[in-house]
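Please put together the full structure from these sequences, using the hints given.
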Amino acid sequence: MEKKILQLLDRKALGRTIARITHEIIERNKGCEDLCLIGVRTRGVNLGNRIKAKIKEIEGIDLPLGILDITMYRDDLFKLKVPGVKKTDIPFDVNNRTIILIDDVMHTGRTARAAIDGIMDFGRPKKIQLAVLVDRGERELPIHPDYAGIRYTANPEEEVLVKLKEVDGKDEVVVVKAK
Amino acid sequence: MNWTKKDLLSIRELSKEEILLILDTAESFKDISRRDVKKVPTLRGKTVITLFYEPSTRTRTSFEIAAKRLSADTINISSSTSSYVKGETLKDTAKNLESMRPDVIVIRHSMPGAPHMLAKILDFSVVNGGDGAHEHPTQALLDLFTIREKKGKIDGLKVVIIGDIAHSRVARSNIFTLRNFNTEIVCAGPPTMIPPYLEDLGVKTEFDINRAIKNADVIMMLRIQKERGGVSFIPSIKEYSNLYCLKPEHVKKAKKDVIIMHPGPMNRGVEISDEVADGPYSVILDQVENGVAVRMAILYLLVGGEA
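So the protein lines, in turn, are chains A and B.
For the first sequence, counting from 1, position 148 maps to 171 in our numbering; every step adds exactly one.
For the second sequence, counting from 1, position 292 maps to 774 in our numbering; every step adds exactly one.
Hints may contain errors.
Estimated spans, in silico, between C-beta atoms of each pair [stated by the list, open to error]: (1) G107/A / L767/B: 24 to 30 Å; (2) K602/B / V199/A: 43 to 49 Å; (3) E666/B / E82/A: 52 to 58 Å; (4) M483/B / H167/A: 32 to 38 Å; (5) I28/A / D739/B: 52 to 58 Å.
One side only, chain A facing chain B, incomplete, derived with CB under 7 Å [as the list claims (entries may be wrong)]: (6) M95; (7) L100; (8) K104; (9) V105; (10) V108; (11) K109; (12) K110; (13) D144.
No wet-lab data here; the hints were simulated from the structure.
Fair warning: this is a prediction, and the values are worked out from it, not measured in the lab.
Glycine residues also receive a C-beta, built at the ideal position from the N, C-alpha and C atoms.
Okay, here's the thing in C-alpha cells:
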C-alpha cells in the first residue's frame, strides 16, 4: 500500500486544471484547426481524450488523437527488466502539423525526449508543444513544458501520481512516498 | 509476465505465457515495417551475428532486417565463406566470435542440438534458426502469430500439417507450440514420412490427404527434405505429388475460411499447386511479413532488459 503524503488535486480541481490547459492551448495557437493531439501511454492518452473532449465542447472541433508508446525509444532499456511494448497508433500525417504532446507527470524530461524522437520517426511536424498535468521539477534534460497544470517541486523520496477514473477508478493527483 | 531466458533454443522449453508474450510483443513491432521510416533506436549499439551452416533465404534475411529495424548492427556468416571450410570447429568459431563481443548469435546448423551446445559455452544470447530435423522455433512462432492474426483465435482450431513430417523441424516446432492450446492437430503424409511418436504428442495421423483436410481451419504444407534424405522414403516425386500435392479440389473439403500456409521454400507442383499457392486462401507471404515482426520481438526480449 502506498503511503499518501499529500493530495495536490481532487476531482474538481483536476477538472478545472484540464479546462485551463485546454484554454491555454486554444489561446496560444489562436484556435485549433491545425492541431493534432498525441498522448503518451498510459495516462497521457486518457488526459488526451479529456482535452480532446474539452476542445470539442469549446470550439466544436473534433481533433485527432494519436497514441504513443515510448518503450522502443527509452534510454534506460538496459537498466530495467524487459519492459512490455505496447502499440503506437498515430492515425494521421504528422508532417507540417502542430502536435500537442500530452503526458501526466513531467520529471527528468527523458520521457519527453523519447516521445519527441518517436514522433519525429513519423515525419516532420511544424511544431511540437508539450502539455503535462504536473511538472514536478528535477529536470535532467533541457526540455520544458509549454503547458503545465500545476507545479510541485517533489523531493527524491516522493513520487507524484496522477490517478484517473478510466484507469485508477478515481480522479486525483497525490504525492506518495517513493518505493 | 517478464522475459527471463538468455536464449531461444526450442519451443519445447517455452511456457504458454512466454509464447504469448512473444506474440503480443510482435504485434507492437509489426507496425514499424509499415512506416515510412522503418527503424526504431531500441537496440542501438547492439550486435547480432547470423551464423548459417545451411542455406537460407527467408530466415537469415528476416533476422537481419529485424535487427536492422531495431538499429542493431548485423554481421552475416555463411559456412561456405567462413573458416569452416578450412576445418575450424563450430565451438572454435563461436568462441572466436564471442571475443568480438556480439549480443546475439542466430545459428542454423544441420546438427540437432548445435544451438544448445553453443548456449552452454557462450555468455551472450543464442537463437536457434533451425537445427537439423529438431526444431525451428522462430518459424513456429511466426506461424502461430499468422494463425492468430487471420483467425482471431487459436483455441478450437483444426490444424493439418501435410508432408515430410519425419524430417521436418518446422512440423515439430509447430506441434510443440500448438500443443499449448486447445487445438486439433493432424499430420498427414506417406506412412514412411509419419514418425511413430506423434500419437504420444496427442497428434492424429492420416495417410489420406482428403480425410485429413476435412473441416480444417489451417493447412500447413511442407516440402520434402531432400537434404535429409527425404526422397529415399518415397517411390518417386511424381507419385508423391499425385497423392499429396495440395490442389484446389482438396481445399474445398476444408472449412470455407481455411488458410493455407507454407514455411518456404516451396517446390511448386510437388507439395503445392500454383493455384493453391497463389490462391485466395494462401497466407504464405503474410507469414514472411510476420516473420520480421516476430524476430524483432525475440531480439528485443533477449537483448532488452538489464545487462
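### Query
So which hints don't hold here, by number, going up?
none
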